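Undergrad: Residues per chain, in single letters:
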Amino acid sequence: DVKVTQSSRYLVKRTGEKVFLECVQDMDHENMFWYRQDPGLGLRLIYFSYDVKMKEKGDIPEGYSVSREKKERFSLILESASTNQTSMYLCASEGAHNSPLHFGNGTRLTVT
Amino acid sequence: TQLLEQSPQFLSIQEGENLTVYCNSSSVFSSLQWYRQEPGEGPVLLVTVVTGGEVKKLKRLTFQFGDARKDSSLHITAAQPGDTGLYLCAGELDRAYKYIFGTGTRLKVLA
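Those protein sequences? They're chains C and D, same order as listed.
Residues 74 to 185 in this note's numbering are what the first sequence lists, from first letter to last.
Residues 2 to 112 in this note's numbering are what the second sequence lists, from first letter to last.
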C-alpha cells in the first residue's frame, strides 16, 4: 500500500513565523501535491511537483512556497504565517497520470 | 475559476434509506473521481469514471458520469452507518495534473 506521511497532525504557530510542512511518500511517485481544505470550499491546490526540483503553481499559491529536493519528499513553506492560513493541509502523491491520488492524513495548522 | 458544485452539502439519514449525491460543473472533465474522507484522515479514492455515460458499481454504491462529462452522481442503496463520511468529487481537466475538487457532501447515517 502507498503510504503518504505528513510529519505533523497538529501545529500551532504565531503570525509572522516561518512554517514548514513536510510530506514523504514511499512509492517512488513522480507527482506530488499540496492542497488546503476549508469548510464549504473543498480542496484547493496550492502547488504541485512532477519531478525533483520541479514545481508548478496551483490555484492559490500566494503566501506559500515549496521544495522538492528528493523524489520522496515535498515540503510546503509558509514564509510568514498569517491567520488566514489557518486550515487543514493535505499532501498527495500520484504515480502514473490518471492513477488515483494518495493522500496523507493532513496537518491541521492554526495561526494565532 | 472552475467550480464543481456538490449537493446536498449535508445529509442525515436513517440506516436503510437510499440517497443520491450530485456533482455539477460547467467544465468538461477528462475523468472524474469520487473520494470518501473520514474524520482525521485524508480522502480515499472510491472510483474513477472516464467515459461519458459510464456507470460503475461498487457494492451498494453506484457512480454515473454524465454524457457530456460535466456532471456525476453517486447513489447509495440501503445506507449503513459505515457509509458516514465526507464525499468529494474531483474532476480532471485536460491540462495535466489539474484536479478540481467539489465542495463536499457530509453524510451521516444513523443506526
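By construction, these hints were calculated from the structure, which means they are not laboratory data.
Owing to the predicted nature of the structure, the values given are computational and were not obtained by experimental measurement.
Where is the CB? At the ideal position from N, CA and C, for every residue including glycine.
Wrong hints could be hidden among the right ones.
Stated by the list, open to error - Facing chain C, from chain D, some residues (calculated, C-beta under 7 Å): (1) 40; (2) 44; (3) 104.
As the list claims (entries may be wrong) - Examples of chain D residues toward chain C, derived with CB under 7 Å: (4) 23; (5) 42; (6) 43; (7) 47; (8) 103; (9) 105.
Undergrad: Could you run down the list of hints and mark each one as holding or not?
TA: Hints versus structure:
no. : hint : result
1   : 40   : 10 Å, violated
2   : 44   : 5 Å, holds
3   : 104  : 5 Å, holds
4   : 23   : 14 Å, violated
5   : 42   : 5 Å, holds
6   : 43   : 3 Å, holds
7   : 47   : 9 Å, violated
8   : 103  : 5 Å, holds
9   : 105  : 6 Å, holds
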